[in-house]
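If you're matching them up, the sequences are chains Z and E in order.
Last residue of the first sequence: 311 in the numbering used here, with the numbers rising by one and none dropped.
Last residue of the second sequence: 311 in the numbering used here, with the numbers rising by one and none dropped.
Heads up, some of the hints might be wrong.
Simulated pairs of lysine-lysine, BS3-like, Cα-Cα distance not exceeding 30 Å [claimed, not checked]:
#1 Lys180(E) x Lys178(Z)
#2 Lys61(E) x Lys7(Z)
#3 Lys105(Z) x Lys180(E)
#4 Lys299(E) x Lys71(E)
#5 Lys107(Z) x Lys197(E)
#6 Lys105(Z) x Lys184(E)
#7 Lys178(Z) x Lys177(E)
#8 Lys115(E) x Lys7(Z)
#9 Lys198(E) x Lys178(Z)
#10 Lys299(E) x Lys105(Z)
#11 Lys178(Z) x Lys184(E)
#12 Lys177(E) x Lys105(Z)
#13 Lys4(Z) x Lys132(E)
#14 Lys178(Z) x Lys71(E)
#15 Lys61(E) x Lys299(E)
#16 Lys198(E) x Lys297(Z)
#17 Lys4(Z) x Lys197(E)
#18 Lys4(Z) x Lys178(Z)
#19 Lys178(Z) x Lys111(E)
#20 Lys177(E) x Lys4(Z)
#21 Lys198(E) x Lys7(Z)
#22 Lys4(Z) x Lys180(E)
Honestly, the hints are just simulated from the structure, not real lab data.
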Amino acid sequence: MRKELKGLVIFFGLIFLFPLLVKSPYYIGVLVFWGIYSIITLGLTILMGYAGQISLGQAGFFAVGAYTSGILTTRFGLPPWLGILAGLGLSLLLSLFLALPSLKLKGHYLAMATLGFGEIVHVVLNAWVGVTGGPSGFGEIPALSFLGWKLDSEMSFFYFTWGWVFLFFLFSLSLLKSPYGRALRSLHAEERIPLSLGVNVYFYKVFAFLWAAFYASFAGSLYAHFMTFLSPSSFTLILSILLVLMIVVGGLGNLWGALLGAGILTFLPEILRTFEDFEMLIYGTFLILVMIFLPKGLVSLRRGKVATGD
Amino acid sequence: MLLETKNLTRYFGGVKAVDGVDIEVKEGTIKGIIGPNGAGKTTFFHLLSGHLPPQKGWIKFKGEIINHLPPFERARKGIGRVFQQPSPFENLTLMENILISLDISNSPSLFTSLLRLPSLGKSEKEKEKQAIEILHFLNLEKKLHHFPSSLTHFERRKMEIGRVLALNPSLLLLDEPTAGLSYREKEEIKEIIWELKEKGLTILVVEHDMELITDICEEVVVLNFGKKIAEGSPWEIKNNPLVKEVYLGEEYASGS
Chain Z
2 MRKELKGLVI FFGLIFLFPL LVKSPYYIGV LVFWGIYSII TLGLTILMGY AGQISLGQAG
62 FFAVGAYTSG ILTTRFGLPP WLGILAGLGL SLLLSLFLAL PSLKLKGHYL AMATLGFGEI
122 VHVVLNAWVG VTGGPSGFGE IPALSFLGWK LDSEMSFFYF TWGWVFLFFL FSLSLLKSPY
182 GRALRSLHAE ERIPLSLGVN VYFYKVFAFL WAAFYASFAG SLYAHFMTFL SPSSFTLILS
242 ILLVLMIVVG GLGNLWGALL GAGILTFLPE ILRTFEDFEM LIYGTFLILV MIFLPKGLVS
302 LRRGKVATGD
Chain E
56 MLLETKNLTR YFGGVKAVDG VDIEVKEGTI KGIIGPNGAG KTTFFHLLSG HLPPQKGWIK
116 FKGEIINHLP PFERARKGIG RVFQQPSPFE NLTLMENILI SLDISNSPSL FTSLLRLPSL
176 GKSEKEKEKQ AIEILHFLNL EKKLHHFPSS LTHFERRKME IGRVLALNPS LLLLDEPTAG
236 LSYREKEEIK EIIWELKEKG LTILVVEHDM ELITDICEEV VVLNFGKKIA EGSPWEIKNN
296 PLVKEVYLGE EYASGS
């Protein structure tokens, strides 16, 4: 734990210095997105990298968090923290429903079930016009405030978001370094082995689903209050796939990989924009090269030195 | 009686893998199960550990019917199973492999774990101490922080035993514990089994090696085509004409 903390302090120190050095609101905004995606991937990597499950519906939980707190604060005037909590509660409930069939499903079938969940959420966002505003969405979501400090600039939201990334990183790290993390890691083996050693495999599979949904939902609420506008087009299957890609590119089952992957796939499209027509070509080539030469993700470049890697 | 089965039966399609087997295992004894290949020995273990449900009959452990319990609950009740093929958690160190089962009986709450409250460190320390004791008993303490991939077949097998011992079981199911081991290694396993018996463990062991069975078991059950065909002391079994026929028949047929 101590070794990891050193890495954490250096990494987050650099992140927190960034807005002081680069004053461009545009880049600070991109970093906010990196932070929001990181929260999702820090949860998702527990599900995919440790519990060995897959979710192609994570955008669904992201949407539930965003819309729940967005709607409750905008339409019903609830304080944002209550909206966030309501989003978390709803996401946990939904993920419980999704997790139960996952105990019976494996591989492709589980992928399809979670994909179905994400699509259902997307359909509901489009069709339930009275509540969600339908395809055109809704705006004027109030900004968050924190200890009397109104988070209405890129800069303030940046610090708020990355503060949470830091906390969520610590939570995931604590989980992995605890008996719960050991049990989660044991799910990698054939199921009969942990079962024969008293590990309640079913509990841990459901637990990992809830964990990942919790993170995604929280990130969704942050997103809603940062954008102050929501529409279904931000919560598509493409996003779910992008989130999985982030984890895989960064390094499956590694918290640093989740951070790194989210960062690279957030920045890459921004950088590649200058190449215009060739943007997708370069993006695709990059992904293929990573998969061929670094199948264990970018963190494998620093072999053996990475926290919580196996 | 620590373990009792009655009319235990498991079919696979038309094949009767385990066919109406009754056995009784007294506390503190070592019982052997022998039989030719395909006699249903491993299936019988699957039924006991809960990895397969029986179609007929019941299993009683510590006076309680356990048919309905999933494998992890049977493990928690004290049935420790060591599989035939060593299958360690490759992504965990030897120490962590042992800790997994120690966590079952000594795990702080999720809240304590996430906030890393002092009681977490205390229970981790306790468990690490216990794990080292177990590894010391198995002569593996030097490999504490190794990953299983760097262990020999023999060490992996002992690690499996250690992992199950960490559950603090009252019944140990050993599935061919000496298969593929050298003479010396076999002797060490035998030594371990004796010591475990002395500690009060009850052991049920499936073996092909008749010499090992004779050395460690008080009683032997013979299975053939899923049925129990004989039961008695190793000496009685050796001189049982029916058993001789089954074994010699098979040995001649397979030419080994």
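A quick look at each hint next to the structure:
Among the hinted pairs, Lys180(E) with Lys178(Z) is consistent with the structure: their alpha-carbon atoms are about 13 Å apart, no more than 30 Å. Of the supplied pair hints, the one linking Lys61(E) and Lys7(Z) is violated, its CA atoms being roughly 60 Å apart against a limit of 30 Å. At roughly 36 Å between alpha-carbon atoms, Lys105(Z) and Lys180(E) are farther apart than 30 Å, so this suggested pair is violated. Proposed proximity of Lys299(E) and Lys71(E) is supported: the alpha carbons are some 22 Å apart, at most 30 Å.
Restraint check for Lys107(Z) and Lys197(E): the C-alpha separation of about 38 Å exceeds 30 Å, so the hint is violated. Restraint check for Lys105(Z) and Lys184(E): not satisfied, since their Cα atoms lie roughly 37 Å apart, outside the 30 Å limit. About 14 Å separates the Cα atoms of Lys178(Z) and Lys177(E), which keeps this hinted pair within 30 Å; it holds. Pair hint Lys115(E) plus Lys7(Z) does not hold up; C-alpha atoms about 53 Å apart against a cutoff of 30 Å.
The straight-line distance between the Cα atoms of Lys198(E) and Lys178(Z) is roughly 21 Å, inside the 30 Å bound, and the hint therefore holds. Under the criterion of a C-alpha separation no larger than 30 Å, the hint pairing Lys299(E) with Lys105(Z) is inconsistent with the structure, at around 46 Å. With a C-alpha separation of about 17 Å, the suggested pairing of Lys178(Z) with Lys184(E) holds against the 30 Å cut-off. Simply put, Lys177(E) and Lys105(Z) have alpha-carbon atoms about 37 Å apart, too far for the 30 Å limit, and the pair is violated.
Distance check on the hinted pair: Lys4(Z) and Lys132(E) sit about 38 Å apart at the alpha-carbon level, beyond 30 Å; violated. The suggested pairing of Lys178(Z) with Lys71(E) is violated, with an alpha-carbon distance near 46 Å, which exceeds 30 Å. Distance restraint check for Lys61(E) and Lys299(E): the Cα-Cα separation of roughly 26 Å lies within the 30 Å cut-off, and the hinted pair is therefore satisfied. Note on Lys198(E) and Lys297(Z): the hinted pairing holds, with a Cα-Cα distance of about 26 Å set against a maximum of 30 Å.
With a C-alpha separation of about 24 Å, the suggested pairing of Lys4(Z) with Lys197(E) holds against the 30 Å cut-off. Taking the CA atoms of Lys4(Z) and Lys178(Z), the gap is near 12 Å; set against the 30 Å cutoff, the hint holds. Our distance criterion of 30 Å between C-alpha atoms is broken by Lys178(Z) and Lys111(E), whose separation comes to about 44 Å. A hinted pair counts as satisfied when its Cα atoms are at most 30 Å apart, and Lys177(E) with Lys4(Z) qualifies at roughly 20 Å.
Distance check on the hinted pair: Lys198(E) and Lys7(Z) sit about 28 Å apart at the alpha-carbon level, within 30 Å; holds. Taking the CA atoms of Lys4(Z) and Lys180(E), the gap is near 19 Å; set against the 30 Å cutoff, the hint holds.
Against the hints set out earlier in the document, violations occur for numbers 2, 3, 5, 6, 8, 10, 12, 13, 14, 19.
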